[in-house]
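Modelling step: build the complete structure from the supplied sequences, incorporating the hints.
Protein chains in written order, with the working numbering: chain A, 962 to 1097; chain B, 4 to 650.
Please note that the accuracy of each hint is not assured.
Just so you have them, the derived chain B footprint on chain A, three or more residues with Cβ under 8 Å [stated by the list, open to error]: (1) 1045 to 1055; (2) 1070 to 1077.
Sample of chain B residues lacking proximity to chain A, with all beta carbon distances greater than 10 Å (derived) [what the hints assert, rightly or not]: (3) L393; (4) A410; (5) E474.
Hints listed in this document are in silico derivations from the structure and should not be mistaken for laboratory results.
We put the CB at the ideal spot given by N, CA and C, even for glycine.
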Amino acid sequence: MRKSKVKSQKSKVALAFFGALSAAVTLAAQTATAPSAKPPGGLPPPGRVDAGGVLYKKVGCYQCHANEAQGGLSGPRIGPNVVPIARFSDYIRKPTGEMPPYTAKVLTDRDIADIYAWVQARPRPPAVNTLPQLAP
Amino acid sequence: MGRSKRSRPGVERRRFLQQGALAGAALVAAPRVAGAQAAPPAQTPPPVMTHAAEGAAPADVLVLRDEERAGSDFMVDVFKSLGFEYFFANPGSSFRGLHESVINYGGNRGPELITCCHEESSVAMAHAYFKAEGKPAAVMAHGTVGLQHASMAIYNAWCDRVPVYVILGNHADAAIRRGPEWYHGVQDAAAMVRDYTKWDDFPWSPTHFAESAVRAYQVAMTPPMAPVVMVLDGGLQEHPVPRSERLAVPKVSMPVPPQGERGAVEEAAKMLVAAEYPVLVADRMARTPNGMKLLVELAETLQAAVIDQGSRMNFPSRHPLNQTLRARAAVAEADVIVGLELVDYWGTVNALRDQLHRTARRVAKPTAKLVSITTGDLYIRANYQDFRRLQEVDLAIGADAEATLPALIDAVKRLVTADRRRVVEERGTKLAQASRTAAEAARVAATYAWEASPVSVARLSAELWAQIKTEDWSLVSSYYSNDQTNWPRRLWNFDKPYQWLGHAGGGGIGYGAPAAVGGALANRRHGRLSVAIQTDGDMMYAPGVIWTAAHHRIPLLTVMNNNRAYHQEIMHVQKMCNARNRGVDRGELGSQLIDPNIDFARLAQSMGVHAEGPITNPNDLGPALRRAIAVVKTGEPALVDVVTQAR
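Here it is, written out as structure tokens:
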């Protein structure tokens, strides 16, 4: 057999990841001003949007969270409303769901700050009721 | 299959076949010599293939006599009696006799040959054809090289419990094989797929064939359904049979699917009616269009949450009780869960975390009562592990779920008192609100990255829905429609049994493109608009199916979800990269389909199909889809290549 994918495994990946990060997404929705809030603890420097975009692709964030951080088959939406950066960073280091962990060896605090800045800069979507393709 | 009957000493095989099984034994005991008797020509057998005969000049009679007919003509009589409409095949000499009988004797109608470019495609087409039409189709292939090509697709059909009727050609008699037939000859052709087929036989006479052909049909169609294999000897196909020989075509007698035992069904009904939050989970439940109606009736009687896991079209996607978009939450809230033909009950009520060390946790409440109704309890094989992890349940009903639903509905209706009815209605109101909230969240989620290029899968799905929602449509294939995170399921209104045909079953890539053609072929007679959301990696397994669709004028709109990689595999490799702390920046190596990019529009155009693309601007998509649908409505296939985001 050349290639085999198992449905449930895929589903479980998606479900577990969704479950783990859904709280974060909910929090993001409730904290639209979170990006400007001052996160606690030792902070990385302010992120660079362009560098973050390159990293977002390079380290594979887009595979689960889709190209514009809007969420995909296996990962929830993470932008443009983002959780506070401390929580964003903590989750990347020690995810509780299906997301693979990124250590400082492969993704520095500076890298995370850059990705955070890029995710935060994603364009706001149009209002759903202005899109006839999404009419119920 | 009894090997002993092929090695019975003293039996000359061609002669045995010539005379038919019923008369065979007597004739073998007293063999006649050609030309040494006064019998009329129609009764004269050809020379036996002895060493001397092999060196003799060819007989002067080289065509069938008026008093004879081909063995494969009788085979067509039997296949017609079984109602086969299509034979999917890539041509092969080991079944040339049957091939000729189908097109000439049978008139290429019922069954009609569908020319395929790969045996794996043949089987996948038959697989999806069944799910759209509810009738099996047959596949013809060589017993060796053809079956080897077909085996992956047979495995998919097996895992999906779909009947595909596989006919293999084989030349068993080594004394009369042509050169290539040695490569196509095999002692036990079906052995290769016996672990994932339900039954097979290698008949030795027309009568044996007729009985086995009917038996194979009955076995394949009895739940749990599965593929079967008939190996047809080349000699049996090609040798003459005297017209005077009366060969009977056995009547098909389909067993009734097993219904759950009455006491067990009543016990399940009591649990459901007493429950505060019952959840019905359906996977391969809806065998027929009536399955959806029954599940709707049961759910509405109970006002119970329903989760449709998608192996079949079990429940309308926008029904207020459909909680598929919040399946995990519904399972976590449940105090009674009834699984209806679940492929993976364990995975429904538990979660496996795939990290460096895999861990599992139960999602359902520890006190939740679990009921299972499935034919899976009646039939299991050892080698391939599609039976999944064992889930402890409180009540296991070994029966066909669809056949059991009427009794369960009756039992539930008898138990719902006025007090319980009030509870039931309150529950339904809450579920309807939860369903509306989930659907609205899905619509809002689709707005993100609306203008992005590459095109988001949500935008692709929304644009396609906008074009087809007023049509009588059928989504014949989409790899992303099997769970609650997929976009068609989140945005489209699936409310008819044929609007979703399930998925591959065994997870073998290469199913989607041929399945779309097979499903569209079934839909053609009903005038339905068949659409497929087609991944690029899958299409590259079997692009020849585009030609089959064009050649046979099968109307099908293929919308390429062209993300230029096997992205699921990239994710797996990235997970390994992370777990080993080596960085993920090389994780795409080996899984991308770039450099060069594949031009699917030109590929389709090369086979005579209307095609547009690659489309990278999402605003170009709607007009391209409209143009393609106009072509499909003329009875032709069309393809729109859309460059999409990863997943």
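Comparing the hints with the structure gives:
no., hint, in the structure
1, 1045 to 1055, "violated (count 0)"
2, 1070 to 1077, "violated (count 0)"
3, L393, "holds (15 Å)"
4, A410, "holds (29 Å)"
5, E474, "holds (15 Å)"
In summary, the numbered hints that this structure violates are 1, 2.
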